[in-house]
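> What follows is each chain in one-letter form.
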Amino acid sequence: MFSLNHNSFMSFIFRVVDVARALPGLSRRLVSFLLMMFIMVGVLSGCSKSSNEEAASVITVYSARKEHLIKPIFELYTKETGIEVQYITDSAGPLLARLKAEGENSPADLFMTVDAGYLWQASNEGVLAAIDSSIIEANVPDSLRSPTLEWTGLSQRARTMVYAKERVQPEELSTYEALADSKWKGRLCLRTSKKVYNQSLVATMIKTMGEAKTEALIRGWVSNLATEPYSNDTKAMEAVAAGQCDVTIVNTYYFGRLKRDVPDLPLALFWPNQNDRGVHVNVSGAGVTRHAKNPEGAKALLEWMTTPAVQSMFAELNQEYPVNPAVKASEEVRSWGDFKADTVNVEAAGSLQAEAIKLMDRAGYH
Amino acid sequence: MSLSNAVSLPPELLKPHRVRWWGLPLIVVAALVMLPLVVILFSWLTPAPEVWEHLLETEFRRLMINTLSLLLGVGICVAVLGVGLAWLVATCEFPGRRWLDWSLVLPLAIPPYVLAFIFLGVFGYAGPVQTLWRSIVGTGGTFPDIRSTCGVIVVMVLVLYPYVYMLARNAFLSQGRELMDAARLLGASPWRAFWHVALPMARPAIAAGTALALMETLADFGAVSVFNFDTFTTAIYKSWFGFFNLSAAAQLASLLLLVVFLGLWGESKARGRARTYQTPPRIIERFELTGTAKWAATTVCCTVLFVAFVIPIGQLIMWTAGRLQDVDHRYWSLVARTLALGASAATLASLLALLVAFGRRQLKEAPWQRAAVRVASLGYALPGSVLAVGIMLAFAFIDQQLINPLQALLGLPPKQWLLGSLAALILAYIVRFFSVAYGPVQSSLEKIRPSFQEAAHTLGANQWQVLCRVYLPLLRPGLLSAGLLVLVDTMKEMPATLLMRPFGWDTLAVRVYEMTAEGEWERAALPALTLVLISLIPVLSIMRGSRR
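Protein chains in written order, with the working numbering: chain A, 2 to 367; chain B, 472 to 1019.
Since the hints were made in silico from the structure, they are not lab data. Hints may contain errors.
Sample of chain A residues at the chain B side, in silico, Cβ under 10 Å [as the list claims (entries may be wrong)]:
#, residue
1, 87
2, 89
3, 94
4, 103
5, 106
6, 200
7, 229
8, 230
9, 233
10, 234
11, 235
12, 245
13, 355
14, 365
15, 367
Note that CB positions come from ideal geometry on N, CA and C, so glycine has one too.
Here chain A stands alone, though its shape is the one from the complex (with noise of 0.2 Å):
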């Protein structure tokens, strides 16, 4: 019996050396790479399991804002409270996906989207908790966050329109709805209907203006498009200044960062509605998870992150607008002028997302 064993033991041996003859050269040394490679997974993972564990008050984030935005928040946050923010970054659909199917045993405390829509689908599904805090309530207004506070604004992005300033003088322009007149054939430029801050924008026109008004409004933007949507915002500006089309609806941050790598842009912005609704602002927020593991950590970053000196730095990281009224945007920012808001609850732009979709399929808006 031990013979045997010894024996198959031994030819086991064999085998292993059997098959390190039969790779020569080069390939040895891509194995022996490989190998060290697993020995890297192994003493990272190590790494990484270990300092997760250790730290006892850590407050894990899902976040579907990018970690170069978020980042040094959390840093700050860290370096203040001596409390550790670990995260991940994907897009909205994927984490709530995920929160969903971890269910209670989710590690998630807090949930931070980049749009409305999907923190009104998040509360819609169930996978955020109702929270108390007086202090967001004195810090955001009622139309950026959930009455109940499943979910709060954090930041504020206008999406509104931008032209070529050599081709289009600034009085032609007047509303969201103008541009769908027939003067603008051929000149407008738009992004894909399939990226959710058009969505929300259709969705809150869907609440103001009813489904057969905006119906008919879309087909006509659809009808004026100098070329098929492009899938970016900067993409669609950039073919204004190119002298593709002379107008396109972008969230201002996009202007912002062109104008900083392009100097002498050949665009502006302009605010539409000021004498009715006001520009569509949509927000950048987060909520607290229903099967948090640290729910009073994360609302305490939550209640941090909405007071003064937190937002200017969370709304500058990007160019946008803060959510607390008290808090101005940075200097570049306000050069661009004020403008009057759309109050619309943004909630809307959740509710009615679906519906916005069809009717843009409808319209032939792709």
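With chain A held as given, fit chain B onto it using these hints.
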């Protein structure tokens, strides 16, 4: 071209060597891939009539036309370009052949979404090429729109042709020239010899390469969304992110699966029971091209390389040059983690592919095996994020239904064990990329004559010895290609990494995603360029290894 059964041994002589557990690796892999597939198929239990009705009324026709024309275009162009280049490089001699031989694989290192955003930047309306064009011919001149079906096809073909090129090249190299010469001696023209001898013999490799390219096209979300080109995949995402209907998304995805399943089935039916075996490669005597043909060959190869590799790399370098301050401690940790994940996935996937392919050869061909292999190949054809969600839901289920009760039994606090772990992420990679590893291993295995094994057995070798001493050395190029392809694919992989990575395990692809999602193409250039450069190392070393 059947040279099989040159030596047939009586079956009873082979019997003692057949071991039943060779079927095990296949079952394990198929089961692993089945997990997310089952989750996706279960979606039909929750009907989503509203989304379907809307889709059928408005978008469906356009989506089908877009998807089919994309597949057709990519399929044809990838096969023609890949086989053509492989043939030139493997069998002809012309100026620059030696370095074109390996450099034509380089575009493989560029993720489709990266090439898409570069092409949009360079050839778009506001890009330098069109701006120059307008300054020459005035604004009236029309320039072909890059954001069109053709534009998308060009981008996909340029990143995906190396799949066909690599596999076809290996096939042509191992064919040697004897059979071509024999055909020529029998009076066939060079073209006829190519069509009737060389091409059919390389068919498994070409089919495997084209299938990989098509599956990747079908599953691609990044490149098509940069172009705002709506396909079946974008509809899946829309149902999910727009309508928040995961079951409608999964139902659409299962239709995608059906298409792939039928495609794979059709290919194996068309091939019938034909098997091709070749003698091991010898020193190849290449056809010496002369005159115009010689320079035409060089020009064609160089043009492809220039458009698919030099332009994008040049653009990335230009963008990166302005953002060198991003090279910090964090950047190096991204590089380390990307490498570590890629290498582990590559090793495990090619090992599994070897065991499965070899195991199949040891077993009598049974119908369940072919079905299982086809199932195991499906992972690659699903949009990454749908697959990722399927895997995630399956793992969450295991965590909650199996592991948590066990923890409770042992008096431990319930804790997520699988989801969010490194093991889960690597398993996800294997599910997704198994067929990438399996293709090359299988097609190089098919070229090995059974008589080798039979000879080894008659000399008293057992199955392990046959595997190690006969197959492994012959399979080396195939295995290396498999490992390389998975390594590169894993490093480029985005959706599953984003969704399943443990805290802190950001990779270069994650970084690229974060930057491009914000429209900051220039800042995405550094991680993208790094990704490309890292991918170049294995690409080059393997091409060097297989060069003759």
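> Evaluate each hint against the coordinates.
Right, here's what the structure says about each hint:
1. 87: 5 Å, holds
2. 89: Because about 6 Å separates residue 89/A from the closest Cβ in chain B, which is inside the 10 Å limit, the hint holds.
3. 94: Hint holds; residue 94/A Cβ to chain B Cβ min 4 Å, cut 10 Å.
4. 103: 6 Å, holds
5. 106: 4 Å, holds
6. 200: With a minimum Cβ separation of about 7 Å from chain B (threshold 10 Å), the hint on residue 200/A holds.
7. 229: Residue 229/A check passes; min Cβ-Cβ to chain B is 6 Å, inside 10 Å.
8. 230: 6 Å, holds
9. 233: Result: holds, 5 Å to nearest chain B Cβ.
10. 234: Since chain B brings a Cβ to about 6 Å from residue 234/A, closer than 10 Å, the hint holds.
11. 235: 4 Å, holds
12. 245: Cβ of residue 245/A sits 5 Å from chain B, so the hint holds.
13. 355: 5 Å, holds
14. 365: 9 Å, holds
15. 367: 6 Å, holds
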